[in-house]
Structures are given as structure tokens and as C-alpha cells.
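*Asks:* Heads up: the protein sequence lines correspond to chains X and C, in order.
Per the numbering used here, residue 1 is the first one in the first sequence, and the count goes up by one each step.
Per the numbering used here, residue 1 is the first one in the second sequence, and the count goes up by one each step.
Careful, some of the hints might be misleading.
Said to hold, decoys possible - Here are the computed lysine to any residue pairs in the SDA-like style, where the Cα-Cα straight-line distance is at most 25 Å:
no., chain 1, residue 1, chain 2, residue 2
1, X, LYS42, C, CYS13
2, X, LYS71, X, GLU15
3, C, LYS55, X, GLY97
Everything labelled a hint here was simulated from the structure, so no lab data went into it.
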Amino acid sequence: GENVEQHPSTLSVQEGDSAVIKCTYSDSASNYFPWYKQELGKRPQLIIDIRSNVGEKKDQRIAVTLNKTAKHFSLHITETQPEDSAVYFCAASNTGGGNKLTFGTGTQLKVEL
Amino acid sequence: GAVVSQHPSRVICKSGTSVKIECRSLDFQATTMFWYRQFPKQSLMLMATSNEGSKATYEQGVEKDKFLINHASLTLSTLTVTSAHPEDSSFYICSGKTSGGGGEQFFGPGTRLTVL
């Protein structure tokens, strides 16, 4: 099955700095890679996703890059704000093979004033 | 966007009792629903996948006789934790997916189960 690794487990940045979270996956059949933000006790919130036919996607302060050859994808948050503090999860799935999402282990992001 | 609700949001029960959690897609037809479990400070772990009208497919290590899943309609799936024990205490989250689409799942708000 799919295995997704995520680093770092914790990340502390100063407000206004950038934050980068990296994930690797093992199954070359995976073709859908969403990123979620989860606040304590809440549901995961989709913040951006990328499909395997695209190498990069950007939405305002958030961007995701995908390297299919190396099987890794990254989340970039620029101009971080205190409200960005949360746990972030990457995930991978094969939309043609059951759509099961395999989640990374999560990154606790803390944006300090 | 697509909305998924879960009920109850919190439940406390005694060891040995059964608890049913409902997951509803409010504005779309969820041909596939997924059930996840999340322990404190851990990631979401898929428990099972259910397709409307079919038996659920359970992930390795998840007891199908303990975690009963029913997906009787395109808008409702239920998870029943039978003979709950303290180690079943967790955050249970469902998600729904349409038949088409590109893989996006819509998550419910989760149910916090505490077994005393």
C-alpha cells in the first residue's frame, strides 16, 4: 500500500517568514495530493491540492510543488500569519484505484509574533 | 462547497456499550464514504471505505465485527462501535465523495468518543 512520510513534525517561524513542509510517497500510481489544515478538535480543511499532471500550483500565499520522478511534494506558505498556526497534513491517493487517502504524520506549525 | 455533517459531535459511554455515529452528506450524493480514526496528536488513519448499497471494505487491523458500517443511502452512512472499550476512545471522522470528481473528499466535523 501507499506510505506517506512528512517532515518536519514541528515547525516554528516568525510572522512574515515562509514555511515549507515536505512529503514523500511510495506508490507511483498515486495521482492526487491534497494538503489539509487541522485545528484542534476540528475537521481537516482542504487548503490546496495538486494532481500528477501538474508540477506546481499556487493560491495566494500557499503553493504546492510536485516532483513525480522523486515522489515528493511540498507545501509552501509565504508571509505567515499567527492564524496559520495549526497542524498540516499531506495526503496521497490514487483516484483510479479506490480513492483511499493516505495521510502523512502531520506538521505542527507555530507562527510566532 | 459540499457539506458533511456528523452526529453526535461528542459522546461518552460506559465500557461494553455500543455507540452509533451518523455521517450525512447534506448537499451532494456520496457514493463513497470513508471512516477515519484519529488518536490525540496523531494522523488520520483510514478504517474503512463504504460504497452505497455494498459491504464496507475494512483496512488491515480494523475489526469489521467491532466497527459496523452501514451505507444504506447516498446521503447517510453510520458507524457503530460495538462493545466499546477505553482504547476505542478517539476522534472519528467521516468523509464523502461523489462518483465523479478528481478525488476530493469532504470531511465531517468529527465525533469525539470517550469510553469510560
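*Asks:* Is LYS71 of chain X close enough to GLU15 of chain X, meaning Cα to Cα at most 25 Å?
*Replies:* Violated - the C-alpha atoms of GLU15 of chain X and LYS71 of chain X are around 30 Å apart, more than 25 Å.
*Asks:* Is LYS42 of chain X close enough to CYS13 of chain C, meaning Cα to Cα at most 25 Å?
*Replies:* Since the Cα atoms of LYS42 of chain X and CYS13 of chain C sit roughly 21 Å apart, the hinted pair holds (cutoff 25 Å).
*Asks:* Given the hinted pair LYS55 of chain C and GLY97 of chain X, is their alpha-carbon gap at most 25 Å?
*Replies:* holds (17 Å)
Going through the hint list in order, the structure does not satisfy hint 2, though it satisfies all others.
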